[in-house]
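We have chain A; now place chain B onto it with these hints.
Residue numbers (the working numbering), protein chains in the order written: chain A, 1 to 237; chain B, 1 to 350.
Any given hint could be a false lead.
As the list claims (entries may be wrong) - Heads up, simulated DSS-like pairs for lysine-lysine below, C-alpha to C-alpha not over 30 Å straight-line:
hint, chain 1, residue 1, chain 2, residue 2
1, B, 327, A, 230
2, B, 322, A, 44
3, A, 130, B, 327
4, B, 12, A, 230
5, B, 57, A, 230
6, B, 56, A, 230
7, A, 230, B, 117
8, B, 327, A, 219
9, B, 79, A, 30
10, A, 164, B, 327
11, B, 79, A, 212
Stated by the list, open to error - Covered by chain B, per the in silico footprint, the following chain A stretches (three or more residues, Cβ under 8 Å):
hint, region
12, 41-50
13, 116-130
Just so you know, these hints were derived from the structure itself, not from any lab.
In this text the structure is predicted, and so the values were computed from the model without any measurement.
Where a beta carbon is used, it is the ideal one built from N, C-alpha and C, also for glycine.
Spelled out, the chains give:
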Amino acid sequence: MKFALILAGGTGQRMGNVEMPKQFLLLNNKAIILHTLEKFYLFKDELTKIIVVTHPNWLAYTQDLIRKNFEKDSSIFEVIKGGETRNDTVLCGINYISQNFEITKDCIVLTHDAVRPFISYQIIRENIDKAIQYGAVDTVIDSIDTIVYSEDGNEITSIPERAKYYQGQTPQSFKVKELIVAFSQLAKVQMDTATDVAKLYGLLDKSVYLVKGEQLNFKITTPFDLTVAKALLEREG
Amino acid sequence: MINQVIQLTKPKTFEIVTQHVELLETNVIVRPTYLSICHADQRYYKGMRSEKVLNKKLPMALIHEAIGEVQYDPLNQLKYGERVVLIPNISGSFFGFPPSLSEKNEKIGENYCLNGKFRSSGFDGFMQEIVSLPRELIIRTPEFIPAEILAITELVSVCVHSLKRFSYYSHGVNDTFGVWGDGNISYILSLLIKREYPKSKVIVFGKHVDKLEMFSFVDETYLLNDKTDGLIIHHFFECVGGEAQTDVLNRMIDLIYPGGTISTLGVSETAVPLNVRLMMEKGIVLVNNSRSGVKDFQKAIDFMQEVNIVSYLSSLINNVIKVESIKNIHQAFEMDSLKHYGKTVMEWRV
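Next up, chain A with everything else stripped away, as it sits in the complex (with noise of 0.2 Å):
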């Protein structure tokens, strides 16, 4: 089996409008989440379900989105509630899975960030080719600036050479049982200062593969993200 977890539980503080969270924003008069569950909705006949995680206060509204845009299809889809932090937000899908499915050591999960709708058909594709066949992958891309470490965030400690450095996406997928272990074997502490899963996998030292992303599947964040989102369209052929 094959699930997609789209995690949705921000609440757009960063996009400085507190009363309609980012993916929720139109985007070519519809809604951001929506324009990414339609390209995961072409995977339809190969996805279980594709579990949309959102904050419990927008849970209704979520759902009734869904059920207008997909109409009479909308079985593939689940909406439920999510945590306070991303971790959480995932063991959340995560725990919805394990409870509803008989999960075998081949059931895969892509998650992806609802605000990343420009999210193409290869990179879903590769993650489920390369998540059957490696367990666990990041989507990421070159990093094209250079990279600045510093300790103390006043002076640089050292300029590592960018080559070797990339700029992670998502969908970042694994095989849920692998999963399901990783999340049990971290402590709260651990899973707090964890941004995402897969460096939750590095702290428990459990390999991650790269998938190659694309410079337009960038994540509609800020009121910048959502310019230049909305000037992609506009432009369109």
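Then chain B, alone, in the frame of chain A:
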């Protein structure tokens, strides 16, 4: 959802643009998988069209010869992942125009619909992440034909179309066919004529000895300067186009037996002056052909299933290049332009 389209913005420059795609009841969403490069694509890529044409048609996604896999069918008639040939010719009724005479009349065909659009000719071609197509413009494919060969189905369908129109307008005595040109179209058309008219003689006229060698299944081949005294050709097919088209067509007019049909498949950037007086004296029928329709595609697939046809077509595919980036697309187009004959197919991973 948001779709990535790779457009040629000016010669040798590709850019990714994003377009919004709706999930429609009428359309199937297909992931392109194998894309074949055509001379017409190369002319845009290299900037060999006039500045006026380039300004009018670009930016535009190239490629009109492609297959793909069904990703989403709202009616569930096609299977997920099913391999299909994509038809690039979209007639006017798909854009809301009332059905034209071209669409309704079998002898004309929807490919001559004035309100229609053709991919990679003023309308985005198949160099896209996904393509939303009316279900009528998708053809199922047999499993045993390799993907890279299916990618050139459009080319085969153009030959099928020209032979169909030949049958409408010719006098019925078909002892000898002349096919002028030693390229891909000429090769496929000669193959098709041999299957459709097994008792007829097919003679191919070409410029290159090595390319003519490829035509192992025809009856005779002639180089341009070979003597043709006493040769009787009942019908000609012109598959040359370009600057040579004028000379080739006039030589055909000289050579052809009275009452014969000359079918054109080549294209030229300039107007072509013909010896109309001699055409009149000989009562020659000129049949001009462009592109193909849905039924031609279906017949092309049927033809490709006949014994040995896949084998013959395989010899045309000399490059299959895995394409994962814009850099790889440039490499594919550059490699294609270096080849002496045959087709370059891109395995699409963009």
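Do the hints match the structure? See the list:
no., hint, in the structure
1, B:327 x A:230, "27 Å, holds"
2, B:322 x A:44, "26 Å, holds"
3, A:130 x B:327, "23 Å, holds"
4, B:12 x A:230, "27 Å, holds"
5, B:57 x A:230, "25 Å, holds"
6, B:56 x A:230, "26 Å, holds"
7, A:230 x B:117, "28 Å, holds"
8, B:327 x A:219, "25 Å, holds"
9, B:79 x A:30, "28 Å, holds"
10, A:164 x B:327, "21 Å, holds"
11, B:79 x A:212, "28 Å, holds"
12, 41-50, "holds (count 6)"
13, 116-130, "holds (count 5)"
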